[in-house]
Structures are given as C-alpha cells and as structure tokens.
Amino acid sequence: MDRRAFLATGAAAAATFTFPAILRAQSRDPIRIGFPLPLTGTFAAIAADLQRGAQLAHEEINAKGGIMGRKLEVLFRDDQLKPAVGAQRTKELIENDKADFIVGGLAAHVQMAINEQTKAAKKLYISVSQSDEISAKPDTSPLTFHEALNPTITSRAMAQFGMQNIGKKWWVVYADYAWGKQNNAVFSDRIAKLGGTILGNTPYPLGKPEFSAHLPKIQAAKPDAILAVTPGADNVPFLKQAISFGLKKEARIAQPLHFLFYTKEGGAEVFQDIYGATHFCHELAETIPESKRYVEAFQKKFNQPPDAYSTYGYSGIKEIARGVELAKSTDSDQVANALRKNREYNHYKGKQYWRACDNKSFQDLWILKVRAPQQVKGEWGLFDVVGKVAANEELERTCAEKGHA
Amino acid sequence: MRAWRAFVRWVATHPVTSLVVFFAVFPFIVPHTSLATQVLTYGLFALGFNLLYGYTGILSFGHAAYYGLGAYGTGLALAKLKIASLWGAIGIGLGAAIIGGVIAGFFCLRRRGIYFAMLTLAFAQMLYFIAFHLADITGGDDGLRGIPLHPLGLFGTSVSIRSPFAFYVFAFVLVSLAVAALKRILDSPFGAVLQAIRENPERAAACGYDVNRIKFVSFVFSAFFAGLAGALEALRLTVVPVEALYWSTSGQVVIMTLLGGAGTFFGPFVGALTFLLLEERLSRLIEWWPIVVGAIFMTFVLFLPKGIWGSFLAWVVRDASPKPPYAPVPE
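Chains as they are written, first to last, in our numbering: chain X, 940 to 1344; chain D, 678 to 1008.
Because the hints were derived from the structure by calculation, they are not lab data. Glycine is no exception: its CB is placed at the ideal position from the N, C-alpha and C atoms. Treat the hints loosely; a few may be bogus.
Said to hold, decoys possible - Quick partial rundown of chain X residues pointing at chain D, CB under 7 Å, derived from the structure: (1) Gly-980; (2) Thr-981; (3) Lys-1021; (4) Glu-1031; (5) Lys-1037; (6) Met-1051; (7) Ala-1052; (8) Pro-1077; (9) Asp-1115; (10) Tyr-1116; (11) Ala-1131; (12) Leu-1133; (13) Gly-1134.
What the hints assert, rightly or not - Now the stretches of chain D that chain X is said to cover, found in silico as 3 or more residues with beta-carbon under 8 Å: (14) 742-756; (15) 792-799; (16) 908-917.
As the list claims (entries may be wrong) - Far from chain X, some chain D residues (derived; all Cβ distances over 10 Å): (17) His-691; (18) Ile-814; (19) Gly-816; (20) Asp-819; (21) Ser-960; (22) Trp-965; (23) Trp-966; (24) Pro-967; (25) Val-993.
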C-alpha cells in the first residue's frame, strides 16, 4: 500500500468512525429510548439480564407495529458502572442521538449521575435499580420514575416476613457503605418496631469478606437468625465461613435480595436454606399467568430463564410505550402526567402502580428460600417461593418523609 | 511533501494557535458535542499531568487528587456553599487543587521514583476515602449532586451555558487560556530548567538550580491544570462522582498521556481524543472493548513509546531537523 492509498483508507475509516449517522439509513423517525447500563464491570451479568428484558419488550412492541405507528429504537450504552461515564453516555444519548426518554442505570451512584442529566435536559427517566434517594427530594423530579424496589422496602419486607417466619432475635452483618448501612438501619428499626431484638451487628469493609474474627462473637450471642448484607462477591465467602464455623446450623440466614445467577454460580450446597427477597423469579410462572407468558417468551428468545432484573428493563420500556400511547405525545412532561394519571400497570407479574407524589412503583415482592441440592429442579430451579409481601405503602417512607409536600 | 512537512513543523512550533484553530472546528467533526467537551477537559487534565511527567520527568500516580479537588471544590461551592458566581466557584475549586498540590508536593517530593509515585497515590486514595465517608458533605458513594449551573457573569452581563454548544465554547476559551499559560511556562527559563531536570537532575543541580524547589513549583502548576479540568468536568456533568478521586482516574490520565505522547505539547490532547473516541465507539459494538484499548495501549508503549503524536512528529522530521521542534529550547 503506498502512502496515498494508506491516507485514503485512513480517511475513509475516520469518516466511518465519525459520521455513522450519515451512513445509517434513516426511515421514518423512530421513538428512541436511551438505555445506559454497565455491560462491563462487576455487575455485567445482571446488566446483561436487564438488557435482555429490555430487548424483549422492544421486540414485542415493534412486532405489534411500534408506538403510535412509529418504530421503537432502544439505544444501549455501556456506562462501565462509573457515574461519570453514565452521565457522559446519557448526555450523548439526549443531545446527539436524540433519545426521547432514558431508562436504565444499575447501582445507586450511576443512577444519580444519569438523573442529573435527564433533569437538566427535562427528559423522562425510569430508573431500574435500587436506591432510596432517587425518588426522594432533593434528587427526584417530576420526570424521575423509579421502577425498582429500594433498600427501605426490601428491608422492611424482609423484617416483616422474618419476624413472622424466621425468628425474633437477629444479628446483622453488613458491608460498611451506603447500601449496606441503609439496609442495616431500616431492618434494625423495623425489627424493633415489630417487637423483635437486634442482638448486635457487624459492619465490615465492602470487598473484604473476612469474618473469622467476628463469627464466634455472633455464635456466642445465640441469635435466631442473621441478616447478611454481603453484596456481590462477598456473598459466597460469607456463607462459606458461616458453614465452616457451624453458624449456619445454629441460626437461620437471610439476605435482602436473591439473584438467580449468583445463587446458581455459588451452588445450592452453599446457598441451601438461605432466605432472600425478590420482586420476581421465574418460578412465579407456575402461579401467575402474566409471569408465565413473560417467562415463556423470554425462554424462547434467549434460551434461558429470566433473572429478576430482566423484568425491570422489560417493564421500563413497556411503561414508556404505555405512557406515549396514553399521552399521544413523546413530550416527557405529558408522558409523565399520563403515567401518573393512569397509574396502574401490569406487564409481567400482576398489578403495579405509580405513587403520585414520588413516581415510585409499588409492587408485590416475594421471599425465596434456596432448595437443597437434591431438590434443585433442572439447571435453574433453585428457589422455593415461601412467602409473598403484597404491594403496600407501609413498607416505604411516606411522601412527607421523602420531602414531598 | 515538502509543504506538508513545513505545515506539520509550523503546527509543532505554533502549538497554541494550532490548538485554538483545531478546537474551533473540532465540535463539528466529532459525533457528539459533549464528547468534544470531554476531550477538551480530559486533554487539559492530561496536559497538566504531562507538565510534571513529560517535561519534568516525575511520575505522579495520584493526579486524581487535584482533579477531584478541583471538581469537589467547585461543586461544593455551588451546591453547599450556595455561591452564586461560577467564576467564584471555579476559583474555590482551583484554590482547593493548589492547596492540595502544595501539601502533597511538600511531602511527596522528598522521595523519588517509585516511592514518589506511591506517596502521590496514597495521598489521592486518602482523599478518596475522606470523600467516601463524609457522605453528608460530599454525597459519599452516591456522588455530589445538585450542582446548579448558574448563568455565567461576563463583563456585566450574564450568559447561559446550559446548551451543549455554549458549554463547549466556555470550556474552549478556558482551555485555550490554560494552554497559552502552559506554553508561556514552558518557554520561560523556568520551563527550560524543568527539561534540564528531566534529562539530568544532577547536572541541573550542579548548574546551581534549586532542583527541589523547581520540581515543587512544577508540581503545583500541574495540580492547578488538573484542578481546572476537574472544575470544568463538575460544571459539565453537574455531578461529582467519588470515583473522580479514585486511582483509576489517575491511571486514565497516565494512559492518555502515554498514548498521545508524553513530553510533546499536543500529545495529551491526541491521547485524550483517541482514548475517549475509542471508548465511545467501540463500546457500542463490542462488550470486550477494554481489551482492544488495552492492546492498542500496549502496542504503543512497547513499539512506539513516543506515543501517537510523538511518533508522528518523529516520522515527519525524521531526516530534516537536527532539533526536535516539539521541545523548544530558549536561545
């Protein structure tokens, strides 16, 4: 290749890189939803599940002719689980890709950064992962919707179920950062209110799951049950140490959330009999018709069952579509008003609704218990659904407590 | 060919003018205006880092500290102290970065090489944990939110910089001024001594220069530029994530500088542009894009250690100039 040919190729390559919009054939203007999520980073597996749910919703909507006759486009962008990147990708989605709405964000801190951009650009944002602040003042806005559960609801529900079914005397082990602290505070408060006792708690640095110094102390206190707020990679090491110290035989263990992927990866030997909450699991297909339809469609498209977070992506996209159809407009304010006015929806597990003051989704949740290894059904049947906590505003802070007048 | 070579040489010898012209048309040739602004701010950050690493020859692995101080200083001034003037807030951010630079420089410069790098890293990580745990002030884990982007006071009037393009122009003017200031520093006798220290600190000391003091001043200047970049980024995103202070931010600026070409004037901007454009484009296509970026980075470090711009300049002037035009030495 001579220099001229090299330069010509280089220029062509640069043009492809910098002017993709020109190369892309434009049909009639589609409705665009920007979807930042951490496709790389610690939560990549959950993000992939979230993405699959959104893809399924996207496909179903377009198969039915789109929204108001316009095609739907969902633009996924990797936020790397970094707030600055999430903010940057959101800015680009809104300013240049002309996204009409934003759905996405996994992890509280990235949601916050995305939310700052959507607030400034006055775009409707449906947040799809746990956070207490996102639907409370000063962070929230009339255009910020929160589809996911949050630490308050999850921990209060777990405390309620736990007091009735697991034990009265508790010990809390929690990772010493925002999410861990919130869960500890809410859970301890609720247990005390319901007449139970918190015998003590063990904060530990997130990502340093070394409990051998703490476990004998916990055992000596003889709790009925332990709440383990040991997220991500800390989960399995905690359980393994609890088993080897004999703690798992002496006390029952619960954690705020169960994830199918993590439980499968850790194995039923480790997770057997551990309680955890979730807003969805594929076992619900056995009892709820909407869930049956969702799980079957998901299984057919992706050849594996959905984990819980897929439904947040699915429901987030479906809610935008519903809002646009109701409002007959893609204007964020009008769509938000339409959703608040027609607050009930049902996409995959029965009725949910938006609370008007804080745009928070209220929904049923379930308590799961992991099966013994010999009782695991097939590759994915790890959970027994042992309880249901129905949608209930008692489980969330009141509008006034969250700063809404 | 000769005209072209002369052009490149002109660019290399008139870096400020070239940079201003380039960034005046830049937002029209990249896919996103916000990406263009990001290149400006990260380029400035890398430029500040390059003053220390590329020109003075000392490797800091904690430049996130000054970037983060600039960002938090500006953000806190607007969000918590309710300062109404953007200029005032930027001033506070810069003040924080300079104070941080003075304190860290005072302690860290007592050691050299890997010990120096580790001390700067430790200092930055210390700030990270402080910001992480002072959640009531800094927002902790969730980052600092609620930074209002007030209109910019300008010669008695006020201008809104909310639109992406207006913000680009604002950043462009500030970065241009910073670049001109840096050029002035490098062209001064002080700048010449910096490079003398990089090449041979013993000899510089033997010539009668107070090497430690000059290194210290260079360190503080470098912190200033990093702080300005942080301040701009805080205003651009109206949020300061706690990761701004994390070691990965320090690592990123090292990568950008090496990729573009350490010790060259344009290198940091070229590096920032390459890195951010690759990240933005590749991450849409493939999930394993960091591997590609890593491979490109390693290729450059191993085979073209002068980086993209440095290698390009060396190639252009390979037989013509006895003196590399990108390292001006005063008469």
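Against the structure, the hints:
With its C-beta approaching chain D no nearer than about 10 Å, Gly-980 of chain X sits outside the 7 Å limit, and its interface hint is violated. A cut of 7 Å between beta carbons decides the hint on Thr-981 of chain X: the least distance to chain D is about 13 Å, and the hint is violated. Proximity of Lys-1021 of chain X to chain D holds as hinted, the smallest CB-CB distance being about 6 Å (cut-off 7 Å). With its C-beta approaching chain D no nearer than about 4 Å, Glu-1031 of chain X sits inside the 7 Å limit, and its interface hint holds.
Contact between Lys-1037 of chain X and chain D, as hinted, is not supported at the beta carbon level, the nearest pair being about 11 Å apart and thus beyond 7 Å. Checking Met-1051 of chain X against chain D by beta carbon gives a least distance of about 5 Å; that is within 7 Å, so the hint holds. Annotation: Ala-1052 of chain X was flagged as interfacial toward chain D, and the flag holds, the nearest CB pair being 5 Å apart, inside 7 Å. A distance limit of 7 Å between C-beta atoms decides the matter here; for Pro-1077 of chain X the minimum to chain D is near 6 Å, and the interface restraint holds.
Taking 7 Å as the C-beta cut-off, the interface hint given for Asp-1115 of chain X is violated, the closest approach to chain D being about 9 Å. Interface restraint check for Tyr-1116 of chain X: the shortest CB-CB distance to chain D comes to about 6 Å, inside 7 Å, so the restraint holds. The beta carbon of Ala-1131 of chain X comes no nearer than 24 Å to any beta carbon in chain D, farther than 7 Å, and the hint placing it at the interface is violated. A cut of 7 Å between beta carbons decides the hint on Leu-1133 of chain X: the least distance to chain D is about 28 Å, and the hint is violated.
With 7 Å as the threshold, the beta carbon of Gly-1134 of chain X stays out of range of chain D, its nearest partner Cβ sitting at about 31 Å, so the hint is violated. Taking a C-beta to C-beta cut-off of 8 Å, the region 742-756 of chain D contributes 0 residues in contact with chain X, too few for the three needed, and the coverage statement is violated. For a cut-off of 8 Å, the count of residues in the region 792-799 of chain D with a CB near a CB of chain X stands at 0, and the three-residue condition is violated. Evaluation of the coverage hint for the region 908-917 of chain D: fulfilled, as 4 residues show C-beta separations to chain X shorter than 8 Å, against a requirement of three.
With a minimum CB-CB distance of about 24 Å to chain X, His-691 of chain D clears the 10 Å threshold, and the non-interface call stands. Residue placement check: Ile-814 of chain D keeps its beta carbon more than 10 Å from all beta carbons of chain X (closest about 14 Å). Under the 10 Å C-beta cut-off, the non-interface status given to Gly-816 of chain D relative to chain X is violated; the minimum distance is some 8 Å. Against the 10 Å criterion, Asp-819 of chain D falls within the reach of chain X, whose nearest CB is about 5 Å from its own CB.
Distance check on Ser-960 of chain D: its Cβ comes as close as 4 Å (rounded) to a Cβ of chain X, failing to clear the 10 Å threshold; non-interface status is violated. Some Cβ of chain X comes within 10 Å of the Cβ of Trp-965 of chain D; the nearest lies about 8 Å off, and the non-interface call is violated. In this structure Trp-966 of chain D is not separated from chain X by more than 10 Å, as the shortest Cβ-Cβ distance comes to only about 8 Å. At roughly 6 Å, the least C-beta separation between Pro-967 of chain D and chain X is not larger than 10 Å, which violates its mark as non-interface.
Under the 10 Å C-beta cut-off, the non-interface status given to Val-993 of chain D relative to chain X holds; the minimum distance is some 12 Å.
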